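Student: Start from the sequences, fold in the hints, and give me the full structure.
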Amino acid sequence: MSGDVMNETSTSIISVLLLCLLFVMGVAIARLRNLFAVVMLAGIYSLVCAAWFILVDAVDVGFTEAAVGAGMSTAVLLGAILLTSRNAKPERRLARLGPLAVCIAAGAMLIYATSDLPAAGDPSSPANTGTGLTYLQINWADTGVPNVVTSVLASYRGFDTLGETIVVFIAGLAVVLLLGFGERSLSETLRKLKKGDKAP
Amino acid sequence: MKSDHHLILRVVAKGLLPLITIYAFYVQFHGEVSAGGGFQAGIVLAVAVILYALIFGLAEAMRAVPPGFARGLAAVGVLVYGGVGVWAMVQGGQYLEYQALFNEPPGGHDGQHTGIILVELGVLFAVAGAMVSIFYALAGRVAEIRDEDW
Amino acid sequence: MWDIILERGGYWAIIGVMMIGLYIAFSAENLIKRLVGLSMFQTTICLFYVKLANVANATAPILLPEDMPKGAYGAERVADLAHTYSNPLPHVLMLTAIVVGVATLSLGLALIVRINESYGTIEADEIHASDVKVQMAEEADAARTSGEVAV
Numbered sequence: 001m002s003g004d005v006m007n008e009t010s011t012s013i014i015s016v017l018l019l020c021l022l023f024v025m026g027v028a029i030a031r032l033r034n035l036f037a038v039v040m041l042a043g044i045y046s047l048v049c050a051a052w053f054i055l056v057d058a059v060d061v062g063f064t065e066a067a068v069g070a071g072m073s074t075a076v077l078l079g080a081i082l083l084t085s086r087n088a089k090p091e092r093r094l095a096r097l098g099p100l101a102v103c104i105a106a107g108a109m110l111i112y113a114t115s116d117l118p119a120a121g122d123p124s125s126p127a128n129t130g131t132g133l134t135y136l137q138i139n140w141a142d143t144g145v146p147n148v149v150t151s152v153l154a155s156y157r158g159f160d161t162l163g164e165t166i167v168v169f170i171a172g173l174a175v176v177l178l179l180g181f182g183e184r185s186l187s188e189t190l191r192k193l194k195k196g197d198k199a200p
Numbered sequence: 201m202k203s204d205h206h207l208i209l210r211v212v213a214k215g216l217l218p219l220i221t222i223y224a225f226y227v228q229f230h231g232e233v234s235a236g237g238g239f240q241a242g243i244v245l246a247v248a249v250i251l252y253a254l255i256f257g258l259a260e261a262m263r264a265v266p267p268g269f270a271r272g273l274a275a276v277g278v279l280v281y282g283g284v285g286v287w288a289m290v291q292g293g294q295y296l297e298y299q300a301l302f303n304e305p306p307g308g309h310d311g312q313h314t315g316i317i318l319v320e321l322g323v324l325f326a327v328a329g330a331m332v333s334i335f336y337a338l339a340g341r342v343a344e345i346r347d348e349d350w
Numbered sequence: 351m352w353d354i355i356l357e358r359g360g361y362w363a364i365i366g367v368m369m370i371g372l373y374i375a376f377s378a379e380n381l382i383k384r385l386v387g388l389s390m391f392q393t394t395i396c397l398f399y400v401k402l403a404n405v406a407n408a409t410a411p412i413l414l415p416e417d418m419p420k421g422a423y424g425a426e427r428v429a430d431l432a433h434t435y436s437n438p439l440p441h442v443l444m445l446t447a448i449v450v451g452v453a454t455l456s457l458g459l460a461l462i463v464r465i466n467e468s469y470g471t472i473e474a475d476e477i478h479a480s481d482v483k484v485q486m487a488e489e490a491d492a493a494r495t496s497g498e499v500a501v
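Protein chains in written order, with this note's numbering: chain Z, 1 to 200; chain A, 201 to 350; chain P, 351 to 501.
These aren't lab readings, by the way, just hints derived from the structure by calculation.
Just so we're clear, the structure is a prediction, and the values are computed from it rather than from any experiment.
Not the full set, but computed from the structure, chain Z residues with beta-carbon under 10 Å of chain A:
| # | residue |
| --- | --- |
| 1 | Val145 |
| 2 | Gly158 |
| 3 | Leu173 |
| 4 | Val175 |
| 5 | Phe181 |
Covered stretches of chain Z, going by a simulated chain A footprint (3 or more residues, C-beta under 8 Å):
| # | segment |
| --- | --- |
| 6 | 70 to 78 |
| 7 | 146 to 157 |
Beta carbons: idealized from backbone N, C-alpha and C, even for Gly.
Tutor: In structure tokens, the structure reads:
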């Protein structure tokens, strides 16, 4: 049992270290004005988040965060920077104080509220003894799928996932309606290619 | 006249792209027994297309995966997902009740397996299609680059 | 004292990171930076949920062979588990939230691109100043035409 305790302690130390890394990166993003650096740091931030998810046994979430945060959203943000501007304007010093005060107050209140939360990793906390545990227990008899996350996602909460899929579809549709179909650049390139053919 | 500034990138990407695509399908079909599923596989598949577009140019990528195809794929994904629910209703069950797909008694897992695989396939199509369309829309808009930006 | 820090320290660290994301979303005048802050804030909410779902000495919620008996369906539907697993429910919720998050992030970026095309800037205060200028010009215009009508 002492091995388990050691294991748990080292896990929590690594977890706190990763969170400190996230904090430092957040401060750096808040201070940076070069948007390219901001986006790259945000990608690394997502990757560290993914590592943290893996550490606390959320393998599916970590996988998604690595693919989405570090891959997809970085590409999308870079595309947006290319279309807008590469640098942010310097902020007024006094204007920062209000948000800072609000954030410190909100953080203090949230930290005060954690005294009511169950201890981290408590197996008998209300969240971990309710529906989640039931899913784990009845999953094999009901679906015969080893990955409980998949069976909850697709079977027990199929309606939920249907809604999420439709949201993703509609978001894609809205972006396409706002920005055009992307054929504009295709025709541009084709025109250039034609010009190139004529020139020599 | 083709520029060879990115020769190494091109060569490496040519090796990587099939691997990324196969990995996406591995994630998709092993989602039941290990980490992964339709959402992750859809993103990985979209990232493969994005990598192709970044290295070989947007026009080439649009020839390989036309924008219309990506939009259609997203719509087909949502339809597949909704269709599984309708199939269950036709078989006499409730919407998205996989147990009813083959009218199995409790304990039969064929309906659950089929339903989950089909639904994940719908999610894969929808997410991959939507993400590729989003990338095309953002990357395909011609930027008005001002002089001071360079 | 030490016990409380060990039990709650993870939450405090997450709340600290969360507040940084909130601060960026509040204070940044640049719209893209603001969206980056918002998505960081959202990621940290996911961290918090997953932290609540974590169980000490547990493994990922993928059933191990001992918990998958061959005779799948006996009299008992609710099985006794041989291993401890983390709570799968928050994982599912956060997994879909992350994917929806990137979809809404791209929608916000699309709006920002359109804003940049019509205003020529993505700084919130400059957009506001330009709005005020246009509004005042319109009002002056309206006052002049109404004055002409009265005459």
